[in-house]
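Just so we're aligned: 208 in full-length UniProt numbering is position 208 of the sequence shown, and the numbers increase by one with no gaps anywhere.
Simulated from the structure, these hints should not be mistaken for lab results.
Note that the structure is predicted; figures quoted are calculated from it, not measured.
Ideal Cβ positions, reconstructed from N, Cα and C, are used throughout, including at glycine.
Do not rely on the hints blindly, as some may be mistaken.
What the hints assert, rightly or not - Label-pair ranges, simulated between beta-carbon atoms:
#, residue 1, residue 2, range
1, Phe-396, Leu-92, 27 to 35 Å
2, Val-216, Leu-92, 18 to 26 Å
3, Ile-111, Cys-3, 34 to 42 Å
4, Ile-111, Cys-413, 44 to 52 Å
5, Val-360, Asn-125, 35 to 43 Å
6, Lys-395, Gly-229, 57 to 65 Å
7, Ser-230, Glu-277, 43 to 51 Å
8, Ile-171, Pro-321, 39 to 47 Å
Stated by the list, open to error - Here are the simulated DSSO-like cross-link-like pairs (lysine-lysine), alpha carbons at most 30 Å apart as the crow flies:
#, residue 1, residue 2
9, Lys-395, Lys-435
10, Lys-191, Lys-274
11, Lys-410, Lys-367
12, Lys-395, Lys-319
13, Lys-4, Lys-23
14, Lys-525, Lys-191
15, Lys-366, Lys-242
16, Lys-319, Lys-208
17, Lys-191, Lys-370
18, Lys-242, Lys-4
19, Lys-188, Lys-4
20, Lys-395, Lys-30
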Amino acid sequence: MICKYNSEIPRNDNFHRLIQEDKCAGIYFKSEPFGGRCIPSLLSMYGKDVIDEKNTGKMLMDNKNDVINLDIIKQTNQGLALAMVISFVWILCMQWFAQSMIWFSILAVVILNSYGLYYSLNRYNILSVNTTDSINTSAIVAQKYDFRKSMDTDLDSYLTNQKTWFAFTIICAIVLFVLILVLLYLRKRIKLAIALIEEASRAVSCVKSSLFFPIVPYIMQLMVICFWGSVAILITASARPKYHDPHTGQECTPHNSDQTSSSTNNTQKCIFAKYYEDNVIFAAQVYNLFGLLWGLFFIVGVGQVSLAGAFASYYWVFKKPEGVPYFAVFGGFYRCLRYHSGSVAFGSLLIATVRFIRIVIEYIDKKCKKYANNFFAKAVICCRCFFWLLESFMKFINKNAYIMIAIYGKGFCTSASNGFYLIFRNATRAVVLDKVTDLLLIIGKLTVTSMVAVLSFYVFTQKFDFIEIPNLHYYWVPIVVITFGTYLIASSFFSVYHMAVDTLFLCFHCERNDGSQEKPYYMSKNLMKLLGKTKKT
1 MICKYNSEIP RNDNFHRLIQ EDKCAGIYFK SEPFGGRCIP SLLSMYGKDV IDEKNTGKML
61 MDNKNDVINL DIIKQTNQGL ALAMVISFVW ILCMQWFAQS MIWFSILAVV ILNSYGLYYS
121 LNRYNILSVN TTDSINTSAI VAQKYDFRKS MDTDLDSYLT NQKTWFAFTI ICAIVLFVLI
181 LVLLYLRKRI KLAIALIEEA SRAVSCVKSS LFFPIVPYIM QLMVICFWGS VAILITASAR
241 PKYHDPHTGQ ECTPHNSDQT SSSTNNTQKC IFAKYYEDNV IFAAQVYNLF GLLWGLFFIV
301 GVGQVSLAGA FASYYWVFKK PEGVPYFAVF GGFYRCLRYH SGSVAFGSLL IATVRFIRIV
361 IEYIDKKCKK YANNFFAKAV ICCRCFFWLL ESFMKFINKN AYIMIAIYGK GFCTSASNGF
421 YLIFRNATRA VVLDKVTDLL LIIGKLTVTS MVAVLSFYVF TQKFDFIEIP NLHYYWVPIV
481 VITFGTYLIA SSFFSVYHMA VDTLFLCFHC ERNDGSQEKP YYMSKNLMKL LGKTKKT
């Protein structure tokens, strides 16, 4: 058994209890000593090979099949680049073929789900002949793994288990049933949402830079995360170090470096273990964490206000697209930082506070798991649900407030109040159109993701002869990476669409003109037809 230092382990103690209390390791890999440490034998073998080949001048990348294959990284990057191109082309094509593409997306999702149901059911029927399950879940705890074989065999063992495909069958059947019911019930609302998306497509086409603007908040968020990590390291390093003897586990104090380095025989050896836990250090880390949350949500708010300002500049001109400013996104970004940074900071502070409370609840729950208390567990679940709903509601309020800030330029509280009552007065239309639009955009994201995922599956399983792909022991890794990356890329593109839809919807309800010749509507003819408005004579 491998247990923590200074852990008192009675000889007759229960092995499973030690694992649950996190005193001893539950899973062990086949290991070998290397560099004064005990590491998995596969990594140790590679490390020894690197050392042996150092004097011969061979490069590590020559051992392509054993260490890492740079071609796979290249193919993965190409797959992510293809996902970006497909998402961009998809967005541009929606300007002219929005209705056809949305119905194609809906049909594609239904067909793919139906095929998944058929394939899962077929695999389940084939494997049902053999009733022997290939996975023994009771043997997972404290099982000794061979690291070299686990990555090759674990997934295959799950995919050859009939219970896995039975679960896939149930999931696909439920999703398909719910999807068909939603499409049948909301077919009229879907037509209205499609018309609204078409109008948003025209707005996005007039402000094409908005498609690439999400890169700016991502870079800013990355900078905030790097700053937070640097501060966290500095705070941790400011604590007092703790040393111990690795043989006895007792705490010790090194007098000088010579004594520490010369103690190589059976004498005492004093090495660094960790830093002392200090309440001041812990409070500083908590403060730093809250600053991280506030900074991330502030950048999200800046991005939303900037996009809302760009799409509002599209709406509030009579001649479209001639009257739209050339640098609408840059103008919205400048106005946000110049005039509305305080409002965005206050709104992001509210969401950061709620998210911080959720993290504190998770921390308390983790610390108190070893105390079995049914009432406490139920109370934690209720708190999780409440603060999750509160955070979702605050995000909804903040988004509408940011749009109103971009339109009128007022403070956060006034904008949040006006936006909420504006939505409340048109609750039925707002909620239905917003959720149907969300559904259609999600289907679009899933369509793009599915296309790239299926293509990457055929590429990495060597179904295409004209593409050279080296043999992979675990081809699911690049497929999963590309699929997950494609979903993130598609989400960033479609989030711009969602912001355009929400901004145009609120702009319409903010419009004071009555459609007469003296006060004509700012909205386009298509949007007037969509919302049942006509020009007055």
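Point to revise | Structure versus earlier hints - violations, ascending order | key: 3, 5, 6, 7, 10, 11, 12, 17, 19, 20
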